[in-house]
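**Student:** Keeping their order, the protein sequence lines are chains F and H.
Heads up: take any position in the first sequence, counting from 1, add 1187, and you land on my numbering.
Heads up: take any position in the second sequence, counting from 1, add 6, and you land on my numbering.
Check each hint, because a few of them may be wrong.
Claimed, not checked - Stretch-level coverage of chain F by chain H, calculated; a stretch enters the list once three of its residues show a Cβ under 8 Å from a Cβ in chain H:
(1) 1212-1222
(2) 1232-1245
Stated by the list, open to error - Derived pair list, reagent style DSS-like, types lysine-lysine, alpha-carbon separation capped at 27 Å:
(3) H:Lys53 x F:Lys1271
(4) F:Lys1199 x F:Lys1271
(5) F:Lys1199 x H:Lys59
Said to hold, decoys possible - From chain F, some residues computed to sit far from chain H (all C-beta separations above 12 Å):
(6) Ala1208
(7) Gly1209
(8) Ala1225
(9) Glu1228
(10) Asp1260
(11) Thr1261
(12) Thr1263
(13) Asp1264
(14) Lys1265
(15) Glu1267
(16) Tyr1270
(17) Arg1277
By construction, these hints were calculated from the structure, which means they are not laboratory data.
As the structure is a computational prediction, the values presented were derived from the model and not from experiment.
Built from N, CA and C at the ideal position, the CB exists for glycine as well.
Chain by chain, the residues run as shown.
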Amino acid sequence: MILIHCPYCDEKRPEIEFANAGQAHIARPLDPSGQSDADWEAYLFIRANPRGRHHERWRHIHGCGRFFNAVRDTVTDKFETTYKAGEPRR
Amino acid sequence: MSDALIRHEPVTETPFVAQGVRISLAPPMQRHTLRARNAQDLESLLKVKIPRKIGASEGGIMCLGPDEYYLRSQAGATIPTGEGLPVAVADVSERSICLVVEGPRASEVLMSGCPLDLSQFAVGRAARTMYETVEIILIRDAEDRFHVEVWRSFSAWLWMAMTMAARH
């Protein structure tokens, strides 16, 4: 079982307490109605699918309940780091 | 229609006893979930100390998340609702029941389904976690006594799973 460091609980917790919530650092456009269809499509559906280092949102759903960001390697499944939501990209 | 409401427990009230472990249903109690961005607001409301660190508990109040606290008190106890304060207080007494797992094999039985390392889980700690696929709140009451808070609808299965683990 993988242990994931929760930045809120500040300890490593078993992976079954966590849920993946997709790619991180995707900001909702401030003016959705001003978006072109292509921009809006890109915001809604187009996601990076890197081989290697990937920024993801995770949620400690069966723990403290908080969303946070993580850098995970999609090849080795190793978590490089985790940090609180709202903190700058690492 | 009967005017008396009859309490119906989702698991048997007869304790389960096996070699080195005893699993029993705790008596009904009052449970409140408390939310506040600043724990100080809750402190001024309840006039008690609120633990700040996630996983810590103090005087029946445990800190489950950055702004989430869980209070267990005697059945029938009431607390102020915090009107006008930036807090949320909700009575969730009947949402869950509490199973008491005690005895020298208590942590072994719990670790059959709970992925936390309970040898590192100090007395007084409380955490929301999992037992197999069921979400629980685990509280270490004493070295060999744990409280397992579980939602009513999951409790029959949890009882079955833990008593089965205890039999082995």
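**Student:** Hint by hint, note whether the structure agrees.
**Tutor:** Hints versus structure:
1. Judged by the Cβ-Cβ criterion of 8 Å, the region 1212-1222 of chain F is not covered by chain H as claimed, because only 0 of its residues qualify and three are needed.
2. Under a criterion of three residues with beta carbons nearer than 8 Å to beta carbons of chain H, the stated coverage of the region 1232-1245 of chain F fails, only 0 such residues being counted.
3. Straight-line distance between C-alpha atoms of H:Lys53 and F:Lys1271 comes to about 31 Å, which puts the hinted pair past the 27 Å bound.
4. At most 27 Å may separate the alpha-carbon atoms for a hinted pair to count; F:Lys1199 and F:Lys1271 meet this at roughly 14 Å.
5. Taking the CA atoms of F:Lys1199 and H:Lys59, the gap is about 15 Å. The hint holds against a cut of 27 Å.
6. The Cβ of F:Ala1208 sits about 16 Å from the closest Cβ of chain H, beyond the 12 Å cut-off, so the non-interface label holds.
7. No Cβ of chain H approaches the Cβ of F:Gly1209 within 12 Å, the least distance being about 21 Å, so the stated non-interface status holds.
8. In this structure F:Ala1225 is separated from chain H by more than 12 Å, as the shortest Cβ-Cβ distance comes to about 38 Å.
9. For F:Glu1228, the requirement that its beta carbon stay farther than 12 Å from each beta carbon of chain H is met, with the minimum near 35 Å.
10. For F:Asp1260, the requirement that its beta carbon stay farther than 12 Å from each beta carbon of chain H is met, with the minimum near 22 Å.
11. Against chain H, the non-interface label of F:Thr1261 holds: every CB pair exceeds 12 Å, the least being about 23 Å.
12. Against chain H, the non-interface label of F:Thr1263 holds: every CB pair exceeds 12 Å, the least being about 21 Å.
13. Separation of F:Asp1264 from chain H is adequate, the least Cβ-Cβ distance of about 17 Å exceeding the 12 Å criterion.
14. Even its closest Cβ contact with chain H, about 19 Å, leaves F:Lys1265 beyond 12 Å, as expected for a residue assigned away from the interface.
15. Every beta carbon of chain H lies more than 12 Å from that of F:Glu1267, the smallest distance being close to 22 Å; the non-interface claim holds.
16. Every Cβ of chain H is farther than 12 Å from the Cβ of F:Tyr1270; the closest lies at roughly 14 Å, confirming the non-interface assignment.
17. Separation of F:Arg1277 from chain H is adequate, the least Cβ-Cβ distance of about 20 Å exceeding the 12 Å criterion.
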